[in-house]
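Make the full structure from the sequences, and use the hints.
Residue numbers (our numbering), protein chains in the order written: chain Z, 1 to 292; chain E, 1001 to 1314.
Derived by calculation from the structure, the hints in this document are not laboratory data. For clarity, every value in this text was computed on a predicted model and none was experimentally measured. Ideal placement from N, C-alpha and C gives every residue a C-beta, glycine not left out. Worth double-checking, as some hints may not be accurate.
To give a feel for the contact side, a few chain E residues facing chain Z, derived at Cβ under 10 Å [said to hold, decoys possible]: (1) T1011; (2) F1030; (3) G1080; (4) G1083; (5) G1084; (6) R1115; (7) D1119; (8) R1124; (9) L1183; (10) Y1189; (11) L1196; (12) E1198; (13) G1200; (14) Y1248; (15) A1268; (16) I1269.
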Amino acid sequence: MSDDKHVITRRDFVRGTVGATLGAAALGDSLAALAAPVPTSHVVVVREQAVLDGQHAVNTAVLKTMLRDVLTNVTGKAEATSAWRSLVKPDDVIGLVATDHLNRTHSELIELVRDSLVASGIPQGNIRNAQGGPDKARACTVLIAMPALKAHWLTGIGTVLKNYITFSGSPSSYHDANNANLGEIWNMPHVKGKTKLVLVDALRPLCDKGPQPDPRYMWDYKGLIAGKDPVAVEVVCLRVILQKRQALRGEPWPLSPPPLCVEMADKKYGLGTSRMEQIQLDRIGWAADALV
Amino acid sequence: MKQASLNLPRTVGAWTLSGGPQFVGPQDIFNYMDGAGELYLGYRFKRLEVQRYSSGTQGEILVELYWMESSDDAYGLLSGDWGGESIDLQRPASGSSSRTATDGPRALYGAGLLRLWSDNLYARVMAEHETDASKAAVQALGQAIAAGRSTAPRPALIRALPDRVGSRFFLRPERVTFLRSHLVLNSVYFLSSENLLELGRDCEAAAITYGQGPAKTTGKAKLVRVLLARYANEAAGEKALHHFEQIYLPDRSKQRSASPVGDNGVVAIEDGWTGFARSGRGLAVVFESPDEASARLLLGDFTRIFEKLEASRE
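This is the structure we're talking about:
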């Protein structure tokens, strides 16, 4: 754990001494109101209306197409196979890090990623489930982060950055004031630099009261959100959650607590950009109620 | 072998009880719900029983029974979110105290999830797929859970809240949360990444909101937030106030070091007027008040609440 002792209070947000991303989450400001410098990170949002049926069951054929679109657009390659080959090597040991608990990553997506890697020449035996303790990460040369999109009652958002909490070896120590330091896990020696793709399952997100499922706050977004910059992907996820909350309430409905970890992951741990205006966002597929 | 605490029906509509109950204690709650256990532990959780109902084609119904140390704790869990359709699950002749119109909901339903408070029990009954049939089954299970159980009163601190303060400030009942943990406070009103008010399992606290004008007319009017806390003893309340001032109102804290300034005060900060008043083991803090006089008016009322509660030994 970090020894830094910085007490963030509500006043920091009101003053603006804690930055724009967090302020927007805490106080409901419009992200669109922020200034617009040059994009430094690339995030892809792929959505298809037919990927879920009325009972929220997954259409795997449609999901497979979505996965291909994600891979080709994130990497700029023409096919899924070449996309994977640009991200991983055949002798890599690849850990798929999915949400395995409340509001879990759809198993269909995990299987499609696995199949897609095998089709790209990765031996089946080199692909494993890496969610769990630090040893799981240690055993892998590449990690594919595959969290499910959800708000979290302790950390504001509980998606990308929080997905590696078990790699710390002491998850509960990040659930209190230290949740701001979730980014440091990504810089631990057994984790740092291994994540080649962040692929968020946004098929049926949860925008409040997570991680325990509450169907009042779940909806069929029918999307995948992906990129190589974990902070940028988290920021786009955050925006989807915030926009959905505003749509439900008809007024800004900030996350509480604010997701302190997001800007810290940028400013303190250097994992990527937390500024929406620095993210090049590509939207593919179904456009209705995209929220970003 | 442990037995289920409640005799739930074996079948309800198209759903049949599937397997025996699963028991989860405070030590292993994180195995059952990683990342959500703190919510229940923050309310003095004793144990959880989980039952599942299955049907051929209509999905599962999950029943979670959270047994808490007191009725106040179970109420607190429901009070974290007053959204949903209010459902009356009470059957007659439970031999308990009567409900009043001002009690507020004891069961709330929305999108397949029923949440209910019944004495020291908080329950969640959730259908995998919401249909008319699953809604009826979920509500029937809710009735079975509540049947014959006493109807405990709301926490004393909540019952004591005035519906109106002065002529201007009206209680927003949908924004009243009973709590003990700063994590819960932060989930309804973010104050700090640290436990500034030193809340804990031996505290009783309420995060509440007053609007300027009746709820239907307040619209986007500025809301005033209030935190009321009763500590185990006066010294704990005094320590909490000192901690709060030190971090949240550091300028005020410096004044206090230079010369005693008392246990109440009102300060203009970035988002309005913040005031605090301590009375015995009670501490009231007002946030985002539109002006100094309003903050003092609110604090005066809440101080009197603490005095009344102490006098009545509640």
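Against the structure, the hints:
1. T1011: Since chain Z brings no Cβ nearer than about 22 Å to T1011 of chain E, farther than 10 Å, the hint is violated.
2. F1030: Check passed: Cβ of F1030 of chain E comes within 7 Å of chain Z, closer than 10 Å.
3. G1080: It holds, given that the least Cβ distance between G1080 of chain E and chain Z is near 8 Å, below 10 Å.
4. G1083: holds, 7 Å
5. G1084: Because about 7 Å separates G1084 of chain E from the closest Cβ in chain Z, which is inside the 10 Å limit, the hint holds.
6. R1115: Nearest chain Z Cβ about 9 Å off; hint holds.
7. D1119: Violated, because the Cβ-Cβ distance from D1119 of chain E to chain Z comes to roughly 22 Å (cut-off 10 Å).
8. R1124: holds, 8 Å
9. L1183: Nearest chain Z Cβ about 6 Å off; hint holds.
10. Y1189: Holds: closest Cβ of chain Z sits about 7 Å from Y1189 of chain E, inside 10 Å.
11. L1196: holds, 7 Å
12. E1198: Violated: closest Cβ of chain Z sits about 13 Å from E1198 of chain E, beyond 10 Å.
13. G1200: violated, 13 Å
14. Y1248: holds, 6 Å
15. A1268: violated, 12 Å
16. I1269: holds, 6 Å
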